[in-house]
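Number of protein chains: 2
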Amino acid sequence: MSVTVVTYDRVMGRWEPNARGRLAQAALALYAAQGFEQTTAAEIARAAGLTERSFFRHFPDKREVLFYGMDSVRDLVVQTIADAASPAGPLEAVAEALAAVGGLLLKTPEIARQRAGVVSANAELRERELVKLAEMATAMAAALRERGVPELVASLAAETGIVVYRVAFARWIAEPGRADLPEILVQTMAELKDMLAGRLASSPALP
Amino acid sequence: MSVTVVTYDRVMGRWEPNARGRLAQAALALYAAQGFEQTTAAEIARAAGLTERSFFRHFPDKREVLFYGMDSVRDLVVQTIADAASPAGPLEAVAEALAAVGGLLLKTPEIARQRAGVVSANAELRERELVKLAEMATAMAAALRERGVPELVASLAAETGIVVYRVAFARWIAEPGRADLPEILVQTMAELKDMLAGRLASSPALP
Numbered sequence: 007m008s009v010t011v012v013t014y015d016r017v018m019g020r021w022e023p024n025a026r027g028r029l030a031q032a033a034l035a036l037y038a039a040q041g042f043e044q045t046t047a048a049e050i051a052r053a054a055g056l057t058e059r060s061f062f063r064h065f066p067d068k069r070e071v072l073f074y075g076m077d078s079v080r081d082l083v084v085q086t087i088a089d090a091a092s093p094a095g096p097l098e099a100v101a102e103a104l105a106a107v108g109g110l111l112l113k114t115p116e117i118a119r120q121r122a123g124v125v126s127a128n129a130e131l132r133e134r135e136l137v138k139l140a141e142m143a144t145a146m147a148a149a150l151r152e153r154g155v156p157e158l159v160a161s162l163a164a165e166t167g168i169v170v171y172r173v174a175f176a177r178w179i180a181e182p183g184r185a186d187l188p189e190i191l192v193q194t195m196a197e198l199k200d201m202l203a204g205r206l207a208s209s210p211a212l213p
Numbered sequence: 007m008s009v010t011v012v013t014y015d016r017v018m019g020r021w022e023p024n025a026r027g028r029l030a031q032a033a034l035a036l037y038a039a040q041g042f043e044q045t046t047a048a049e050i051a052r053a054a055g056l057t058e059r060s061f062f063r064h065f066p067d068k069r070e071v072l073f074y075g076m077d078s079v080r081d082l083v084v085q086t087i088a089d090a091a092s093p094a095g096p097l098e099a100v101a102e103a104l105a106a107v108g109g110l111l112l113k114t115p116e117i118a119r120q121r122a123g124v125v126s127a128n129a130e131l132r133e134r135e136l137v138k139l140a141e142m143a144t145a146m147a148a149a150l151r152e153r154g155v156p157e158l159v160a161s162l163a164a165e166t167g168i169v170v171y172r173v174a175f176a177r178w179i180a181e182p183g184r185a186d187l188p189e190i191l192v193q194t195m196a197e198l199k200d201m202l203a204g205r206l207a208s209s210p211a212l213p
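For the protein sequence lines, the chains are A and R, in the order given.
If you want the working numbering, it's the 1-based position in the first sequence plus 6.
If you want the working numbering, it's the 1-based position in the second sequence plus 6.
Where hints are given, some of them may not hold.
[Claimed, not checked] Beta-carbon label-pair distances, calculated as ranges:
| no. | chain 1 | residue 1 | chain 2 | residue 2 | range |
| --- | --- | --- | --- | --- | --- |
| 1 | A | Ile179 | R | Arg132 | 49 to 55 Å |
| 2 | R | Thr57 | A | Pro156 | 48 to 54 Å |
| 3 | R | Ala127 | A | Arg184 | 42 to 48 Å |
| 4 | A | Ala39 | R | Gly123 | 24 to 30 Å |
| 5 | A | Asn24 | R | Asn24 | 55 to 61 Å |
| 6 | A | Ala39 | R | Ala88 | 38 to 44 Å |
| 7 | R | Glu130 | A | Ser126 | 20 to 26 Å |
| 8 | R | Arg59 | A | Arg59 | 27 to 33 Å |
| 9 | R | Asn24 | A | Ala39 | 28 to 34 Å |
| 10 | R | Arg151 | A | Glu58 | 28 to 34 Å |
| 11 | R | Glu58 | A | Ala148 | 21 to 27 Å |
| 12 | A | Arg52 | R | Asp67 | 33 to 39 Å |
| 13 | R | Ala48 | A | Asp186 | 22 to 28 Å |
| 14 | R | Arg153 | A | Ala48 | 47 to 53 Å |
[Stated by the list, open to error] With a Cα cut of at most 25 Å, we get these calculated SDA-like pairs of lysine to any residue:
| no. | chain 1 | residue 1 | chain 2 | residue 2 |
| --- | --- | --- | --- | --- |
| 15 | R | Lys68 | R | Ala53 |
| 16 | R | Lys199 | A | Ala94 |
| 17 | R | Lys199 | A | Val192 |
| 18 | R | Lys199 | A | Val84 |
| 19 | R | Lys138 | A | Leu136 |
| 20 | A | Lys199 | R | Ala140 |
| 21 | A | Lys199 | R | Pro188 |
| 22 | R | Lys199 | A | Glu102 |
| 23 | A | Lys199 | R | Ala88 |
| 24 | A | Lys199 | R | Ala53 |
| 25 | R | Lys68 | A | Leu131 |
| 26 | A | Lys138 | R | Val137 |
| 27 | R | Lys199 | A | Lys68 |
| 28 | R | Lys138 | A | Glu157 |
| 29 | A | Lys199 | R | Ala145 |
| 30 | R | Lys199 | A | Asp200 |
| 31 | A | Lys68 | R | Ala176 |
| 32 | A | Lys68 | R | Arg134 |
| 33 | A | Lys138 | R | Ala203 |
| 34 | A | Lys199 | R | Ala106 |
| 35 | R | Lys138 | A | Ala94 |
| 36 | A | Lys199 | R | Ala203 |
| 37 | A | Lys138 | R | Ile168 |
| 38 | A | Lys68 | R | Gly123 |
| 39 | A | Lys199 | R | Leu139 |
| 40 | A | Lys138 | R | Glu141 |
Read the hints as simulated data drawn from the structure, not as lab findings.
Everything numeric in this text was worked out from a predicted model, so none of it was measured.
Every residue gets a Cβ at the ideal spot worked out from N, C-alpha and C, and that includes glycine.
With the sequences and hints as input, model every part of the structure.
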């Protein structure tokens, strides 16, 4: 769910990431190459052509750099739910929002994959990711409530959406080239539907 | 998901919690009465008739006391999945496990409610709870894989189960006396099923 924001520098005629974006890119490259624990804020700043002091002006700590872009993902998700066509059910609105996130990640799939590898290798980062995804679910539930969905129905839809997203993302990482993330999201949602339908009728039997 | 283990003292003829259980009970009572932040390990130990040193022999920190019992809940969940009747689908096995947890919490509903109030009032505790529930999902997924369920299907079933559990638990807390937790779990699972079925057919329309 990492998004690198770059701003076009007309004078230089090339893509020139801003300071936050440069720090985020440098941090990810260093974490991937030498490990999260082994990398210092000073190294990241140096690689981005900045001072350590300016690192801490942009990010409170080394972990937070990896969640750069999460705010704009959350804005996208909330906006997509707010804009969903009005006959959409709560889970359908959530699915639209997740498809939008999937589409966003596909713009820089290598960054998304690299970031996932760094996060999964470190318990502290996995924990921070959980918290961020829980915050995302809370924001989605709030957007659903804005549309009149009752509180706990909204939570159920939003949190189920996050589960589907996490499993679909893991599938996308595990099988590169199999399918694109938005397609895997749709498949995973359908699979959950079948599993739930099976539960109350003829279940797909366990071996 | 707090469970207080008490051991019967035949000599005294009354229920006498063991040291860990006494500390957990004292901690919960103090956190509920005066707040988590305001309570020290020394106070908890004193209330339990123990020394601060023995507190830290039993628990690494003040937070962990609230997750006393989580290990036995995890064992119960894993065992229930392992023992589920063999034609059960993965989500059905998970639902059985959650019903078992619901039944366990109903033995001490006031403790479960009090604990939920303490956890929800503190960001640090909510974070730890998220991590513990993620670990529970991982353990459930592993138990499903043991039964031959493919890895990501197992994760999908286990994590969906945790979402249903959390929403059902929140409902149970919000509406005391409405229904018992195992019943609300079944209702919530059915609601998710309807929501997913609606998504791919005629959705319950948003207002």
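Hint by hint, here is what the structure shows:
| no. | hint | verdict |
| --- | --- | --- |
| 1 | A:Ile179 - R:Arg132: 49 to 55 Å | 28 Å, violated |
| 2 | R:Thr57 - A:Pro156: 48 to 54 Å | 49 Å, holds |
| 3 | R:Ala127 - A:Arg184: 42 to 48 Å | 44 Å, holds |
| 4 | A:Ala39 - R:Gly123: 24 to 30 Å | 46 Å, violated |
| 5 | A:Asn24 - R:Asn24: 55 to 61 Å | 58 Å, holds |
| 6 | A:Ala39 - R:Ala88: 38 to 44 Å | 42 Å, holds |
| 7 | R:Glu130 - A:Ser126: 20 to 26 Å | 23 Å, holds |
| 8 | R:Arg59 - A:Arg59: 27 to 33 Å | 42 Å, violated |
| 9 | R:Asn24 - A:Ala39: 28 to 34 Å | 50 Å, violated |
| 10 | R:Arg151 - A:Glu58: 28 to 34 Å | 45 Å, violated |
| 11 | R:Glu58 - A:Ala148: 21 to 27 Å | 42 Å, violated |
| 12 | A:Arg52 - R:Asp67: 33 to 39 Å | 36 Å, holds |
| 13 | R:Ala48 - A:Asp186: 22 to 28 Å | 56 Å, violated |
| 14 | R:Arg153 - A:Ala48: 47 to 53 Å | 50 Å, holds |
| 15 | R:Lys68 - R:Ala53 | 14 Å, holds |
| 16 | R:Lys199 - A:Ala94 | 16 Å, holds |
| 17 | R:Lys199 - A:Val192 | 16 Å, holds |
| 18 | R:Lys199 - A:Val84 | 24 Å, holds |
| 19 | R:Lys138 - A:Leu136 | 11 Å, holds |
| 20 | A:Lys199 - R:Ala140 | 22 Å, holds |
| 21 | A:Lys199 - R:Pro188 | 22 Å, holds |
| 22 | R:Lys199 - A:Glu102 | 18 Å, holds |
| 23 | A:Lys199 - R:Ala88 | 23 Å, holds |
| 24 | A:Lys199 - R:Ala53 | 50 Å, violated |
| 25 | R:Lys68 - A:Leu131 | 22 Å, holds |
| 26 | A:Lys138 - R:Val137 | 12 Å, holds |
| 27 | R:Lys199 - A:Lys68 | 41 Å, violated |
| 28 | R:Lys138 - A:Glu157 | 24 Å, holds |
| 29 | A:Lys199 - R:Ala145 | 23 Å, holds |
| 30 | R:Lys199 - A:Asp200 | 9 Å, holds |
| 31 | A:Lys68 - R:Ala176 | 34 Å, violated |
| 32 | A:Lys68 - R:Arg134 | 20 Å, holds |
| 33 | A:Lys138 - R:Ala203 | 28 Å, violated |
| 34 | A:Lys199 - R:Ala106 | 24 Å, holds |
| 35 | R:Lys138 - A:Ala94 | 34 Å, violated |
| 36 | A:Lys199 - R:Ala203 | 6 Å, holds |
| 37 | A:Lys138 - R:Ile168 | 17 Å, holds |
| 38 | A:Lys68 - R:Gly123 | 32 Å, violated |
| 39 | A:Lys199 - R:Leu139 | 23 Å, holds |
| 40 | A:Lys138 - R:Glu141 | 17 Å, holds |
The structure is inconsistent with the numbered hints 1, 4, 8, 9, 10, 11, 13, 24, 27, 31, 33, 35 and 38, although it conforms to all the rest.
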